[in-house]
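Build the full structure now, drawing on both the sequences and the hints.
In our numbering, the protein residues as written are 232 to 706.
No lab work stands behind these hints, which were simulated from the structure alone.
Every residue gets a Cβ at the ideal spot worked out from N, C-alpha and C, and that includes glycine.
Treat the hints loosely; a few may be bogus.
Stated by the list, open to error - Label pairs and their in silico Cβ distance ranges:
no.: 1; residue 1: 361; residue 2: 491; range: 49 to 59 Å
no.: 2; residue 1: 290; residue 2: 421; range: 45 to 55 Å
no.: 3; residue 1: 420; residue 2: 258; range: 44 to 54 Å
no.: 4; residue 1: 388; residue 2: 487; range: 51 to 61 Å
no.: 5; residue 1: 530; residue 2: 454; range: 36 to 46 Å
no.: 6; residue 1: 290; residue 2: 365; range: 17 to 27 Å
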Amino acid sequence: MLVVEKLLRAMDKSRRYKDYDESMLNIVVSLVQNKNISSYDAEKQFGIPRRTILNKIKQKHLKNVGGPTKLTPADEQKIANCLILCGEYGYPLTSLELRSIVYDYLVKNGLSGIFNHKMPGPKWVRNFLRRHRNILTVRSTTNIKESRASKSAQDYTTYFENLKISLNNVKPENIINYDETNFSDNPGSQKCIFKAGTKHPNKTLNNTKTAISVMFSATASGEIFPPYVVYKAENLWTNWCVNGPEGTRYNRTKSGWFDADTFEDWFNSIIIPWAEKTMDPKVLIGDNLSSHMNIGIISKCQELNIRFIFLPPNSTHHIQPLDVAFFGPLKREWRRILMDYKVRHPSANTLNKQIFPEFLKMLLDASKLTQSKNIISGFRATGIHPINPDAVLKKLPDYYRPQINVSFDETFVNYLKTLRTPASKQKRNANKKVFIEPGKSVSVSDLLHEKVKKEKYKITPLLKQKNLISKRNVL
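Shown next, in the form of structure tokens:
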């Protein structure tokens with residue numbers, strides 16, 4: 232069957248098909264109709280067959296090449312709209328799920344014979360996506376938690392109302408976004424060439440779960456501040472702090488993440504020197520973490536006219552500028568640098584802290600040309616500068632779009648809303664410790680028997696009273 236399909240594809244390419252633009256054809260037809268050029272000269276000059284030009288003039292053969300589609304254009308458009316809706320609600324469909332839904336739709340409408348009472352094949356999906364390539368595409372997904380997906384337009388509307396007041400009369404060069412990220416010791420996977428039919432395409436490459444935390448900060452005008460590196464260690468060594476980007480600060484914690492002390496040190500060593508240059512109002516935008524704040528930082532903010540703006544929880548994928556537009560290209564370049572190092576040093580078991588500053592410098596130098604552009608784009612995409620709530624709200628499925636007038640089945644929409652924001656969390660049953668003798672096993676019947684036994688000999692208030700009376704009689 233596969234050989235036959237390949238032969239059919241080869242036959243499709245055996246003759247010349249339309250290899251010119253539709254707009255070009257319309258221009259040539261107009262020239263021939265107005266007698267500015269003959270059909271013979273048009274064929275020679277533009278490479279469009281003369282018979283095609285004449286058929287277009289005479290309104291002949293206006294249908295698309297090939298047989299008609301299995302479904303009507305209206306049905307295909309309805310399916311395309313449903314696919315868009317599923318993607319907006321965070322539950323996009325795979326190719327197999329699309330085929331299954333189309334099959335169910337045909338069965339319910341008595342049209343299952345269109346595909347010989349079977350599901351549509353992968354080829355139908357490819358052709359369907361090609362016909363609707365102007366509105367549909369296949370993309371790799373990024374998994375987000377339910378708490379992030381459940382953020383509503385009202386949550387962001389309140390945030391932007393407060394943000395507009397807080398950023399009033401604040402210059403873009405005085406608006407800072409800070410965010411902490413980590414650089415892992417895993418360069419990711421690559422597509423490689425193997426023998427056809429290989430079941431386990433493995434690649435020998437040492438990698439670990441080690442990660443080094445770095446704090447980045449940048450202004451809405453595109454200026455980036457020196458990074459602040461935090462190692463996971465008890466002590467800090469000199470070799471871990473050399474050959475890095477100019478102005479980089481280094482520290483260490485037991486967890487490898489920022490705590491109150493390291494955040495205060497970052498604030499004093501990176502933000503304070505910048506803030507002392509002007510007394511204009513300044514704003515720092517970042518995560519709402521209680522471990523980041525203390526009395527010392529608050530008092531310094533009052534002295535230097537600095538205000539903190541905390542982002543709503545579970546929303547950084549929409550409104551954190553560095554997270555939206557800066558870290559993505561940076562991490563891709565990091566994986567490339569790390570992969571190159573591991574290929575050249577196959578015996579290296581883990582990412583050495585001594586070479587991390589050098590890698591960090593290579594990383595920032597490689598992305599130097601696009602850093603400012605990406606940062607400015609991040610502030611614009613998150614609606615912070617310039618203030619534009621629609622930049623974020625248009626990404627949400629429950630945001631009203633007046634330019635779109637498409638009606639869907641109400642039950643289908645409600646079903647998607649239920650999936651996105653479930654009514655309540657699943658309750659857990661009470662868990663109790665099971666006492667068993669060493670070497671002995673238990674089954675469900677044993678647990679039920681133990682439960683019945685405990686209920687049978689459960690001490691009631693009446694039984695307690697009888698026991699007390701009997702004890703008094705004994706005394």
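Against the structure, the hints:
| no. | hint | result |
| --- | --- | --- |
| 1 | 361 to 491: 49 to 59 Å | holds, 56 Å |
| 2 | 290 to 421: 45 to 55 Å | holds, 53 Å |
| 3 | 420 to 258: 44 to 54 Å | holds, 48 Å |
| 4 | 388 to 487: 51 to 61 Å | violated, 37 Å |
| 5 | 530 to 454: 36 to 46 Å | violated, 26 Å |
| 6 | 290 to 365: 17 to 27 Å | holds, 25 Å |
Hints 4, 5 from the earlier list are contradicted by this structure; the remaining hints agree with it.
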